[in-house]
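Colleague: Protein sequence lines correspond, in order, to chains A and B.
Residue 165 in the working numbering sits at position 131 of the first sequence; the count goes up by one each step and never skips.
Residue 143 in the working numbering sits at position 109 of the second sequence; the count goes up by one each step and never skips.
Since the hints were made in silico from the structure, they are not lab data.
No experiment lies behind these values; they were computed from the predicted model shown.
Incorrect hints may appear among the rest.
[What the hints assert, rightly or not] The calculated EDC-like cross-link candidates involving lysine to aspartate or glutamate, where the alpha carbons are at most 16 Å apart (straight line), are:
#1 A:Lys124 / B:Glu154
#2 A:Lys147 / B:Asp131
#3 A:Lys147 / B:Glu154
#4 B:Lys147 / A:Glu132
#5 B:Lys124 / A:Asp135
#6 A:Lys83 / B:Asp135
#7 A:Lys147 / B:Glu138
#8 B:Lys144 / A:Glu154
#9 B:Lys147 / A:Glu154
#10 B:Lys144 / A:Glu138
#11 A:Lys144 / B:Glu154
[To be verified] Beta-carbon label-pair distances, calculated as ranges:
#12 A:Ser58 / B:Gly216: 19 to 29 Å
#13 A:Glu171 / B:Gln255: 33 to 43 Å
#14 A:Lys147 / B:Glu68: 51 to 61 Å
#15 A:Gly237 / B:Leu37: 39 to 49 Å
#16 B:Phe227 / A:Glu154: 44 to 54 Å
#17 A:Ser210 / B:Gln255: 33 to 43 Å
#18 B:Ser40 / A:Glu171: 38 to 48 Å
#19 A:His91 / B:Lys73: 49 to 59 Å
#20 A:Ser202 / B:Asn127: 30 to 40 Å
Every residue gets a Cβ at the ideal spot worked out from N, C-alpha and C, and that includes glycine.
There are 2 protein chains.
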Amino acid sequence: MNLDLSQTEENYLKAIFSLSIATSKAISTNAIAEKLETKASSVTDMIKKLSDKELVHYKKYQGASLTVAGKAIAVRIIRKHRLWEVFLVKHLNFKWDEVHDVAEQLEHIKSTKLTQQLDEYLEFPTHDPHGDPIPDENGNIDFHTGVMLSSILASEIAIIMGVKDSTSSFLKYLDSSGIKLGSVVEVLHKEEFDNSMLIQIEGQKLSISQQIAKNLYVKKQR
Amino acid sequence: MNLDLSQTEENYLKAIFSLSIATSKAISTNAIAEKLETKASSVTDMIKKLSDKELVHYKKYQGASLTVAGKAIAVRIIRKHRLWEVFLVKHLNFKWDEVHDVAEQLEHIKSTKLTQQLDEYLEFPTHDPHGDPIPDENGNIDFHTGVMLSSILASEIAIIMGVKDSTSSFLKYLDSSGIKLGSVVEVLHKEEFDNSMLIQIEGQKLSISQQIAKNLYVKKQR
DNA sequence: AATTATTTTTAGACTTGTCTAAAAATTAGT
DNA sequence: ACTAATTTTTAGACAAGTCTAAAAATAATT
């Protein structure tokens, strides 16, 4: 069995992996198609192929899920993606909203030595510039605690740990508002009407919509 | 005109470029096929395509040569290849005989910011780990002086500037013989019979075949 | 200059990944 | 439970890049 996958195949595995985080059910053809901006018929073809290679479990009309082997590959790709993001920000002066497209290319470079050495060179980072956890060499991931800022109650204090949405527009909004990873947030008030919240962050008061709050991972301070 | 080339197209341009260094004539279909380890018929197809994109000059049965636009692209790829090689050796602990395959992949990453920043990060290196010149941002290259060790006469002294053959086996031979870029060589004796030479290098006497000497670029010391 | 050998091109086929349009299966709605 | 709506799959086509085998052009030989 040829385990040297095409970039396309790798992208499918990665898509299924990331869609699998939120659920334990099989991932629908349509969901994959939407994620990869392709057509359902193309997805069906590819899932069959990956199923033949025993990288996904697949029964007609029942959606797809990763096998152990498939998940291992997906995690390796994500590991590479995030390591490269760290490299770009830490050493090459990229902003956190500029790294995605380049990392999307770099993640497909095949060389275990490269990945290992890069990891070492970066001093074994645990999180990427967006706060996402970097899988270790064995594929273990410290998933986010999963607490969103939107769930924090008034008068509580938390620390920004990551962003869920990594689109450039969201990241630029955060930059312009002075919200960074590590920032301490105090929830001053929650508006019942639209669930927006008034917060104290980086020395200023700021009103943020629920949409924003739902996309910020935080660690609650006791 | 879509200027976003596939990796395959880029590899053809690079192959034609490197074959063009030794000659001013058009490059034959067969030569390209051999370089890329493919068939002549495939080369014909691709050359036509590149000709349509005005990246190569092509007349049936007359071989191919790069247009100004094609050469510019080829040089950019070579620039990226060599910058990555420097990165791998300088920062990621790769040996000079290990970098080629990885750089072959990395050279296709598309991001002008990445290339610029990498160049700056590496402090604008002028040569890669094999002594090959790195084109600058505008595509200018300091070609090798072109003097090979084989042309150096007995009792003359020279400095190793680069290797012509970058295969792993040749580089490992050099490592095991203590021959490095920058090494000072004195030609002690030239054997008329087989053109081998006895040299003094890195504190030892060494006999090398003409084959070896023909693959080492040197700068003659006056 | 005619013939032979080599190189190059063409023609047709195959693979990968994609698409559209139609058919089949599943899910939802009453 | 039975249509209706939605999702998924199939069938057939296409583009990129490759191949083999045969034809055409060029180069070499005598």
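Colleague: Determine for every hint whether it applies to the structure shown.
Modeller: Hints, one by one, checked against the model:
no.	hint	result
1	A:Lys124 / B:Glu154	holds, 14 Å
2	A:Lys147 / B:Asp131	holds, 13 Å
3	A:Lys147 / B:Glu154	violated, 24 Å
4	B:Lys147 / A:Glu132	holds, 10 Å
5	B:Lys124 / A:Asp135	violated, 25 Å
6	A:Lys83 / B:Asp135	violated, 28 Å
7	A:Lys147 / B:Glu138	holds, 15 Å
8	B:Lys144 / A:Glu154	violated, 25 Å
9	B:Lys147 / A:Glu154	violated, 24 Å
10	B:Lys144 / A:Glu138	holds, 11 Å
11	A:Lys144 / B:Glu154	violated, 25 Å
12	A:Ser58 / B:Gly216: 19 to 29 Å	violated, 60 Å
13	A:Glu171 / B:Gln255: 33 to 43 Å	violated, 48 Å
14	A:Lys147 / B:Glu68: 51 to 61 Å	violated, 29 Å
15	A:Gly237 / B:Leu37: 39 to 49 Å	holds, 47 Å
16	B:Phe227 / A:Glu154: 44 to 54 Å	holds, 50 Å
17	A:Ser210 / B:Gln255: 33 to 43 Å	violated, 60 Å
18	B:Ser40 / A:Glu171: 38 to 48 Å	violated, 32 Å
19	A:His91 / B:Lys73: 49 to 59 Å	violated, 39 Å
20	A:Ser202 / B:Asn127: 30 to 40 Å	holds, 34 Å
In the structure shown, a violation is registered for the earlier hints numbered 3, 5, 6, 8, 9, 11, 12, 13, 14, 17, 18, 19, in ascending order.
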